[in-house]
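Quick note on the numbering used here: the sequence shown kicks off at 1 and runs consecutively.
If you are wondering where the hints come from, they were derived from the structure by calculation, not from laboratory data.
All figures in this text were calculated on a predicted structure; none of them were measured in a lab.
Check before you lean on any hint, since a few could be wrong.
Distance ranges between label pairs, derived from CB positions [as the list claims (entries may be wrong)]: (1) Leu252 x Gln179: 37 to 47 Å; (2) Gln179 x Phe215: 11 to 21 Å; (3) Thr92 x Ile150: 14 to 24 Å; (4) Glu238 x Ser3: 20 to 30 Å; (5) Phe192 x Gln172: 33 to 43 Å; (6) Ser104 x Pro196: 22 to 32 Å; (7) Val5 x Tyr131: 34 to 44 Å; (8) Leu252 x Arg173: 27 to 37 Å.
Just so it is clear, CB atoms sit at the ideal spot from N, CA and C, and this is done for glycine as well.
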Amino acid sequence: MRSVVGLIAVVAAASLYVYSLSLYLPPAPRRPRPPADAEHADTAEPPQPPDSTGETSRYTEATTRNTCYRLKFPSDLEELRELAELLQFYKTEHTGYVLLLFCSAYLYKQSFAIPGSSFLNILAGAIFGPYQGLLLACVLTTVGSTMCYILSQVFGKRYIVNLFPHKVSMLQRKVEENQDCLFFFLLFLRFFPMTPNWFLNMSAPIVNIPITYFFCSVFIGLLPYNFICVQTGVMLSEVSSLDDLFSWERLLQLLAIACVALLPGALIRRFSRRRLKLDGQSQNGLITDKKVQ
Numbered sequence: 001m002r003s004v005v006g007l008i009a010v011v012a013a014a015s016l017y018v019y020s021l022s023l024y025l026p027p028a029p030r031r032p033r034p035p036a037d038a039e040h041a042d043t044a045e046p047p048q049p050p051d052s053t054g055e056t057s058r059y060t061e062a063t064t065r066n067t068c069y070r071l072k073f074p075s076d077l078e079e080l081r082e083l084a085e086l087l088q089f090y091k092t093e094h095t096g097y098v099l100l101l102f103c104s105a106y107l108y109k110q111s112f113a114i115p116g117s118s119f120l121n122i123l124a125g126a127i128f129g130p131y132q133g134l135l136l137a138c139v140l141t142t143v144g145s146t147m148c149y150i151l152s153q154v155f156g157k158r159y160i161v162n163l164f165p166h167k168v169s170m171l172q173r174k175v176e177e178n179q180d181c182l183f184f185f186l187l188f189l190r191f192f193p194m195t196p197n198w199f200l201n202m203s204a205p206i207v208n209i210p211i212t213y214f215f216c217s218v219f220i221g222l223l224p225y226n227f228i229c230v231q232t233g234v235m236l237s238e239v240s241s242l243d244d245l246f247s248w249e250r251l252l253q254l255l256a257i258a259c260v261a262l263l264p265g266a267l268i269r270r271f272s273r274r275r276l277k278l279d280g281q282s283q284n285g286l287i288t289d290k291k292v293q
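Make a model of the complete structure from these sequences and hints.
So, in structure tokens, the structure goes:
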């Protein structure tokens, strides 16, 4: 009972923090104003900024969203695009706030195993670009998964075993069978998720996976997945029409992304056939034996 109360307190405190951070937005970035002409300094009408650059419309849109738009986790691509445009505009003068908000939201989702981190990976590419976005996605995925590991270790061991007894026992047996190459076994599970990542994060301390192995395997194993999501976000932020999406440049870029993402998985699969003990098949998101007892 004490563990349940502690977990509820942690979730409530984290939820209140993220909600407060998203609710109290800083002022919208200021609209750039051209220098006033000395001859017209005393005239009744102040000089108006040119509309050719689109700054006036962007400023008006962002100011309107600042007053009526409440930040929330995106649930589809349209909401993702709107949120990316808003945060990109805020990033011009409030980089620290946007970075803090994004990191807090990402860690919140990962720590409590809430689905939807792929949207945040795409958002990272749209806001921060291909290199900073990828670094952020990898670091936040690793830190958030490790926080989920710690929360499960402190609060949830007994409940996870009671809720998923068969899955935990099967994962425990596979971990014991691959103790001599445990790190590569964990990499295999990340590249080819026979068990969902959220379940692996929560059950890792129960099946005695060292936190150092867990930390490194998450960072390396989810790198291809994060890379694909971030690059998708970069392309979404740059593409304005379907013609841009299906151009030769974009198609070659997609091909290069696929090759880079598939290469580590191919190497791990080749190694697993020689070293790992994977005499099972995937069924309902978990490794099961081919033989029926």
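These are the hints, each one checked on the structure:
no., hint, result
1, Leu252 x Gln179: 37 to 47 Å, "holds, 43 Å"
2, Gln179 x Phe215: 11 to 21 Å, "holds, 18 Å"
3, Thr92 x Ile150: 14 to 24 Å, "violated, 36 Å"
4, Glu238 x Ser3: 20 to 30 Å, "violated, 47 Å"
5, Phe192 x Gln172: 33 to 43 Å, "violated, 19 Å"
6, Ser104 x Pro196: 22 to 32 Å, "holds, 24 Å"
7, Val5 x Tyr131: 34 to 44 Å, "holds, 43 Å"
8, Leu252 x Arg173: 27 to 37 Å, "violated, 45 Å"
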